[in-house]
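J.: Protein chains in written order, with the working numbering: chain A, 30 to 450; chain B, 30 to 450.
Chain A is nowhere near these chain B residues, computed Cβ spacing over 10 Å in every case: (1) Ser253; (2) Asn270; (3) Arg272; (4) Glu287; (5) Phe323; (6) Gly347.
Only pairs whose alpha carbons sit at most 25 Å apart, straight line, appear in this in silico SDA-like list of lysine to any residue: (7) Lys442(A) / Arg75(B); (8) Lys193(B) / Thr112(A); (9) Lys442(A) / Phe220(A); (10) Lys442(B) / Leu421(A); (11) Lys442(B) / Thr423(A); (12) Lys219(A) / Tyr109(B).
Because the hints were derived from the structure by calculation, they are not lab data.
Since this is a predicted model, take the numbers as computed values, not measurements.
Built from N, CA and C at the ideal position, the CB exists for glycine as well.
Number of protein chains: 2
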Amino acid sequence: MQTLSDPDSRLSTARVLILGAGFAGLATAIRLGKERAKAQVTLVSRRNYHLFTPLLYQAATGLVDPDHIAQMVRPAARKYGFTLFEGEVSNVDIDAKTVQTSFGDLAYDYLVLAIGSETNDFGIRGVSEHAISLKTLPDAERIHSKIIDSLERALVISDQAKRKRLLAFVIIGGGATGVELAGSVRDFVKFLLNDYPGLAEDQFSVVLIELMQNLLPGLSRYLSEQTYRILSKRGIQIRLNSRVMEATDGGVLLSGGELIETGNIFWTAGTKSPKLVDNLDLEKERGRIKVDQFLRVREHPEIFAIGDLASISDLKTGEKVPWTAQSAVQEGDWVGIALSRVLSGRKIEPFVYQDKGYMLSLGRQVGVAEFRHFKTSGFFGWLLWRIIHIALITTTRSRLGVIFDWTFAYFYKRNAAHTEH
Amino acid sequence: MQTLSDPDSRLSTARVLILGAGFAGLATAIRLGKERAKAQVTLVSRRNYHLFTPLLYQAATGLVDPDHIAQMVRPAARKYGFTLFEGEVSNVDIDAKTVQTSFGDLAYDYLVLAIGSETNDFGIRGVSEHAISLKTLPDAERIHSKIIDSLERALVISDQAKRKRLLAFVIIGGGATGVELAGSVRDFVKFLLNDYPGLAEDQFSVVLIELMQNLLPGLSRYLSEQTYRILSKRGIQIRLNSRVMEATDGGVLLSGGELIETGNIFWTAGTKSPKLVDNLDLEKERGRIKVDQFLRVREHPEIFAIGDLASISDLKTGEKVPWTAQSAVQEGDWVGIALSRVLSGRKIEPFVYQDKGYMLSLGRQVGVAEFRHFKTSGFFGWLLWRIIHIALITTTRSRLGVIFDWTFAYFYKRNAAHTEH
Numbered sequence: 030m031q032t033l034s035d036p037d038s039r040l041s042t043a044r045v046l047i048l049g050a051g052f053a054g055l056a057t058a059i060r061l062g063k064e065r066a067k068a069q070v071t072l073v074s075r076r077n078y079h080l081f082t083p084l085l086y087q088a089a090t091g092l093v094d095p096d097h098i099a100q101m102v103r104p105a106a107r108k109y110g111f112t113l114f115e116g117e118v119s120n121v122d123i124d125a126k127t128v129q130t131s132f133g134d135l136a137y138d139y140l141v142l143a144i145g146s147e148t149n150d151f152g153i154r155g156v157s158e159h160a161i162s163l164k165t166l167p168d169a170e171r172i173h174s175k176i177i178d179s180l181e182r183a184l185v186i187s188d189q190a191k192r193k194r195l196l197a198f199v200i201i202g203g204g205a206t207g208v209e210l211a212g213s214v215r216d217f218v219k220f221l222l223n224d225y226p227g228l229a230e231d232q233f234s235v236v237l238i239e240l241m242q243n244l245l246p247g248l249s250r251y252l253s254e255q256t257y258r259i260l261s262k263r264g265i266q267i268r269l270n271s272r273v274m275e276a277t278d279g280g281v282l283l284s285g286g287e288l289i290e291t292g293n294i295f296w297t298a299g300t301k302s303p304k305l306v307d308n309l310d311l312e313k314e315r316g317r318i319k320v321d322q323f324l325r326v327r328e329h330p331e332i333f334a335i336g337d338l339a340s341i342s343d344l345k346t347g348e349k350v351p352w353t354a355q356s357a358v359q360e361g362d363w364v365g366i367a368l369s370r371v372l373s374g375r376k377i378e379p380f381v382y383q384d385k386g387y388m389l390s391l392g393r394q395v396g397v398a399e400f401r402h403f404k405t406s407g408f409f410g411w412l413l414w415r416i417i418h419i420a421l422i423t424t425t426r427s428r429l430g431v432i433f434d435w436t437f438a439y440f441y442k443r444n445a446a447h448t449e450h
Numbered sequence: 030m031q032t033l034s035d036p037d038s039r040l041s042t043a044r045v046l047i048l049g050a051g052f053a054g055l056a057t058a059i060r061l062g063k064e065r066a067k068a069q070v071t072l073v074s075r076r077n078y079h080l081f082t083p084l085l086y087q088a089a090t091g092l093v094d095p096d097h098i099a100q101m102v103r104p105a106a107r108k109y110g111f112t113l114f115e116g117e118v119s120n121v122d123i124d125a126k127t128v129q130t131s132f133g134d135l136a137y138d139y140l141v142l143a144i145g146s147e148t149n150d151f152g153i154r155g156v157s158e159h160a161i162s163l164k165t166l167p168d169a170e171r172i173h174s175k176i177i178d179s180l181e182r183a184l185v186i187s188d189q190a191k192r193k194r195l196l197a198f199v200i201i202g203g204g205a206t207g208v209e210l211a212g213s214v215r216d217f218v219k220f221l222l223n224d225y226p227g228l229a230e231d232q233f234s235v236v237l238i239e240l241m242q243n244l245l246p247g248l249s250r251y252l253s254e255q256t257y258r259i260l261s262k263r264g265i266q267i268r269l270n271s272r273v274m275e276a277t278d279g280g281v282l283l284s285g286g287e288l289i290e291t292g293n294i295f296w297t298a299g300t301k302s303p304k305l306v307d308n309l310d311l312e313k314e315r316g317r318i319k320v321d322q323f324l325r326v327r328e329h330p331e332i333f334a335i336g337d338l339a340s341i342s343d344l345k346t347g348e349k350v351p352w353t354a355q356s357a358v359q360e361g362d363w364v365g366i367a368l369s370r371v372l373s374g375r376k377i378e379p380f381v382y383q384d385k386g387y388m389l390s391l392g393r394q395v396g397v398a399e400f401r402h403f404k405t406s407g408f409f410g411w412l413l414w415r416i417i418h419i420a421l422i423t424t425t426r427s428r429l430g431v432i433f434d435w436t437f438a439y440f441y442k443r444n445a446a447h448t449e450h
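With the rest of the complex left out, here is chain A:
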């Protein structure tokens, strides 16, 4: 990587290095291209695809094809003129302005940290062994395979208690991912039972466990209450104020001593910064990198931190900007604009977060949505969710693929092939 790490050869244009191809990093790279910034832009990502995480729970429940939510980044790289390298980042040398990767060192003039977050099991015993999280594409495929596997095994078991255990699906964490997964798992299993003669509906259960006193902590009361109402009505057992002490082969142990028997534990209860971020000698707030109103790291104005790994204060409310795909895109887009302005000697304005509202899909034909001047639940919330998510998908292949999957699943079937990857 001699050419890339030699600063002298690139005097005319600044070297912008973006780490991560999630919503924040990809938005930065694309915006820099659109603005024709005076920069040589390089993006390093662990994978050569951008994962459309809002549909991850649907990949886990046979509603969309996993490959349809893995959006290839290379076509975007060609279109917007940035270089994509697939590789692991092992360290950032802030003083030397160099990033160490699995394929060599890369020097930068500006660095955009956007490598997201990882699953956090809070050190609770047994979670890493017995629970499946939902952060990556392989995670979604593991959950999908696990659900089918449990049904197949339930079919050939005669012990009723064991069968019931196999047909109990427990989701830990009542945040956005957890409630959407719970709603979709319920629909998926209920639909599947048609093809599993001998397994009755009253033998299966979906349990959603939340530590706090309401679902969707951090979101509005409307969203929380509507979600509770809708999920309860669909037969999902919601356990609030419930602390998980341990996950075992046999089930989930709650703090009161109660054991919820299950062979299927799905974990959506928390995220944390990746180790790389932990190791960086930068100011943090609860593990996330603290940035100023220009999304820059204090004392290192050449480093931007955005997305899940950044702690950003909302200029208007003073509260923390939520760690959502929506805000990650806004932050990445803003950094792209800001950098292109800086590089052409123009001034920049502080980042202002725009809360565009919130939507959740909670099962077949039922969702909930809240915008500034408008809120709705039920069928219309669900329809809105679908329309807006289709609009948010940026590649043609993924968009058409998801439309195909939804259309097919709506009129016909979800995918229940037991493909272990």
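Since the structure of chain A is already known, use the hints to place chain B on it.
T.: Below, chain B without anything else, positioned relative to chain A:
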């Protein structure tokens, strides 16, 4: 499984047990349903899906979605009234007429052996470690991931020799699977290079190695010669009369001492009977179970053996019926009809194999086809291949999915997301 293994409880209808949900086994089960045979039909399969193997090489090269060639069997089970159990078969007790599975024993009155074949590396050193075969869905995904991985790694390597090694793709075995895979790998990589700036076309190579003196041994001279001509013209290096001595980390060693340097070895050179078949005390021919003209095992008229694991003589020619999807479907269908006739006291005629011709797709818009009164190559052969394969797919989901994939790939892109499963 008390109810299933107790013969006395099923006096009225015969218990037909089918092992394997490949082309042969599934065709048997469906035909028994269509004929409304007086039978209680149970199918045991390792996976709850039927793999449409003729498109496996396309899943390996991003042309179709892996999930689209995994056809769910449960909807067919419901429609045609058979019971599907997912599980492993460990042994067949021929005297006790019982099959031992991972979930218990199953008794039968009639047994249909249709568990197919496995990859055969002929004990050649290094093949199992360094080569990827193409028999299962995970195999196809491994090849797909390997191709992308090699391109990604080639992009960040400066050593030209290593880069060339990463961009050399070697397919061992010039049978039907090998030639189709070679043609598709060539198109896939050539297409991908557009999105990998810095990797040049003259750096990549596809090599096809065949032990015999011509491609497609066993098929007609027309197919063999046309295939050779087409693949050569597309830049694929074909090495005939070449014996592989060893597969290593560095490449493929031929008997003459030549080393073909490559980091990508794909193995399509042979199949063998599964261990379960080896262990059965039945008459075999070159490892395959010998059957009479009614596809029954000698001295055990209650056992049928069909598909890849059976050695069947063509009544008309005296030659062995080829081990193809086409013949497997014919055999399964025939057994379904024969059994339903036997069970209602009617006579059966011997199995007669109908050679319906042969087709190969060798790359974008080029194929070769040969039927009894008609043969063609080039664009028309390719188009015919596509139309007929769409017709052969039996489930709506897979059929629409493949049409979607082909349409999209034709006009736009193949899938090159580096999704490791």
